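Here is what each chain is made of, one letter per residue.
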Amino acid sequence: MSVHRSRLTRLTRLSALAAAAVLVTAGCAVGTQDPDSSSGGSAAGVGGTLVYATGVPDHLTPGRQTVAFDQVMSLFAPLVEVDSSNNISYLQAKSVTSDDAQHWTITIRQGWTFQNGEPVTAKSYVDAWNATALSTNAFENSGQLAGIQGYTDLNPSKGKPKTTTMSGLKVVDDHTFTVTLSKPDSSFPLQLSQAQTGFYPMPESAYKDLKAYDQHPIGDGPFEMTGDFTPDKEFTVKKWADYKGSNVAKVDAVTFRPYADTNTAYTDVLAGNADIVFLPTGKMTSASKDFGDRLHSFDAPGIDYLGFPLWDKRFSDKRVRQAISMSIDRQAVNKAIYGGLYAPATALTPPTMQGTPTGVCGQYCTFDPAAAKQLLAEAGGWKGGTMKIVYPGGLSLDSLYKAYANQIRQNLGIPNVVATPTTDWSEYWQSLTDSTVAGPHFGHWGALYVSQQNTLRALFTTTGGCTLCTGKYHNDEVDAMLAKADAATSTDQAAQLYADTQKVIIGDFPVVPTFFDKYSYVVSDRVGQLPASAGSPVITGITLTKS
Amino acid sequence: MAELTEVVVPDLATDPEDVRRPFRGLVRRPGFVVPAVLVLVLMIIALLPGPVAGLFGHGDPTVCDLGSSGDPPRAGHPFGFDIQGCDLYANVVYGTRSSLAVGVLTTVLALALALVIGLVAGLIGGWADFLLSRLTDIFLGFPFLLGAIVVLNSVGQRSVLTVSMTLALFGWPTMARLVRGSVRSVRGADYVLAAHTMGLGWWRVVTRYILPGAVAPVLVVATITVGGVIVAESSLTYLGIGLQAPAISWGLQLSDASDQFQNAPHLLWFPSLFLAVTVLSIISLGDTLRAALDPKQRS
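Chains as they are written, first to last, in our numbering: chain A, 4 to 550; chain B, 2 to 300.
Just so you know, these hints were derived from the structure itself, not from any lab.
Quantities reported herein were computed from a predicted structural model and do not represent experimental measurements.
Backbone N, C-alpha and C define an ideal beta-carbon position, used for all residues, glycine too.
Please note: incorrect hints may appear among the correct ones.
Incomplete in silico selection of chain B near chain A, CB under 8 Å [as the list claims (entries may be wrong)]:
1) D61
2) C65
3) G68
4) G126
5) G127
6) Q158
7) S160
8) L255
9) D260
So here's chain A without its partners, still in its complex pose (with noise of 0.2 Å):
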């Protein structure tokens, strides 16, 4: 009987982890096809076929997939690009400009086509941005476009909408549109970068059968599909020879080989089977040993944290939270957890975010027994009888947690600290929903772009949509200082002030931030370069040694 369900973390936010963490019973792939175009890998260490082991995707449309990241990515051109030093530039696009960061004029590149010869155009933007965010369509990545005025009219909280076009888009000419969003928002250019898939183009002709387009999906990247996409079954992309960006492909194809299991994907990779594989926590203590230096971790845009009932007496003084986050030792934990892969938090937002202050946290995200257990009785000691330490079950998260109890009920001198898993995710979710959470739970933001915006706004205001992942955290001051940074008129200025609030924040301590995420990655001897960006592999730049 087979009772696994990987963790999805990379790419994934909370609500794409909880669609995505349904049990997929599908079968592995095997075997391998011969794309008609990879035979003549040239020499010099380009070309030939990447094999990709990756999870099993449920869309390849772009504003529909929330696992499908890679072969998206790998089929379109994003506007704005993240590249591996984090540096913002123009892909698509030709300039994102505006005045005021509310109003904002796109102008995109001209010559280029989609992979069936239609132009790309300011309209193929608008109707692929009109069609994602229309509620009757149900894409599962409409949400990416709340920001744009007249969202809300395509998605309006009771009935059908009145009008299929938000009224925020404009196109001005072939290769210019306007987009006006509801306030202001000086992080726009950064969500237009690759991962936010929903803002990519779509042809003319993917509307008249949206069905087959999910299918058969054409872009306007660096690689074009070679056949249809059957689900559980793998696929090859090859190198588009009409691609007008500059990153181009260094290799000839890329097969995209779905494991319903990462550890059987692990293995095939470690055989020489597949080239590359997202690493399943559970390999982390041993990827060094089995592959050495063809591990790779990057800086990933995501946070791990423990989140608290704030409404819950036994919690509600910070001195007692601030305990909690001192008694936990880190180091030791992503040492015999993370195989030392991860990095310990000293913020509320990683690295990867622009601006982010490392070390805001300073004492309290320190290891310091001494002083947790002088802070604890200065709150007046534990009086609260066992504390439940929350996390969804089925998800490999259950040696973190009991680390994590063993530490607060060891170092703290608690005499019952227990690691709970619920059933599922959404029991755990449930209980977040009701507010019946019983104790410090399990936390994780992953962003998709990498401003500190996304993060802060999401955890930290009660509308940014995951306020029951923080206990409903609520402070008027810190609202206003990040409605005060969106409506900064550059991004670095915006940085600074995202970086001002996130001091505000640790001074409530409402969460206790426990370790920046790295996405890691295990490859075959085969694979050259590995350049990533944001924490994921960027497809294009992979190289191979032999073909």
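Take the given structure of chain A and dock chain B to it, following the hints.
Just chain B, lined up with the frame of chain A:
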């Protein structure tokens, strides 16, 4: 558990003297002595885990140091450390209690149920026998592990008691059938008829003449069941639907160890060794008892 039905019901009427003292000579057989001693030792461990765990000076299973995570055995820690850095020896020792407790409790519950149902069906016969036998058939029809998985998934708190009750729910039918069979064969025996004829009361006939004859074979099955139940508990716990942390159990230890097999194989070896020895001892004890009770197998 199909093999359990193969137990041969001894022909009790032919050799009453042997039935009365079937255990004579048993104590001299190595097939009895070795497992019996092992089971005794395990019982002591289960009853007094504290002193046994403390033999090497680190008897508290909840004292953990992440710095020693997955370390191999060393002085004072004969089994090494688990992934949380807790002493594995202490944990394995404390795990004995839950495993044996589930094994014994389940068997006692199932045996009680089986005796009542088997006696009623065997003695009263007729419609009661028909109804109870069909009920037994229905429960025999449920796959043991699958049934337990379904029930345990809907049980909120999974403790030794709830796990035992669930396993007992699906474990009684084989024994009930056996009891019914022996009761029916004894019911018409001459000495029972004689007891009736002498005017002994109904209750006295059942407890003095029928039950002793019916209970011996079912005890053998019960002993073997203890072993089977311990395996079932570990399997369920390994799958995440048996006992739950913070309970200490071999199944939980095996489940934690399976991810770490390449780094720290000792995490798998020691709990498996205890599990295997326990189950093997109990089952061979049961086998020896069966041989002693079965005149056909006696040399």
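Taking the hints in turn, this is what the structure says about them:
For D61/B, the interface hint is violated, since its Cβ never comes within 8 Å of a Cβ in chain A; the closest pair sits about 11 Å apart. For C65/B, the interface hint holds, since its Cβ comes within 8 Å of a Cβ in chain A; the closest pair sits about 5 Å apart. The restraint placing G68/B at the interface with chain A holds, with a minimum CB-CB distance near 6 Å, inside the 8 Å limit. Annotation: interface hint on G126/B violated; nearest CB of chain A at approximately 42 Å, more than 8 Å.
The interface hint given for G127/B is broken, as the beta carbon of that residue sits about 43 Å from the closest beta carbon of chain A, more than 8 Å. Against a cut-off of 8 Å between C-beta atoms, the interface hint on Q158/B is violated, since the closest Cβ of chain A lies about 11 Å away. Taking 8 Å as the C-beta contact cut-off toward chain A, the hint placing S160/B at the interface is violated, the least distance being around 13 Å. For L255/B, the suggested interface contact is broken, since its CB lies about 13 Å from the closest CB of chain A, more than 8 Å.
Taking 8 Å as the C-beta contact cut-off toward chain A, the hint placing D260/B at the interface holds, the least distance being around 4 Å.
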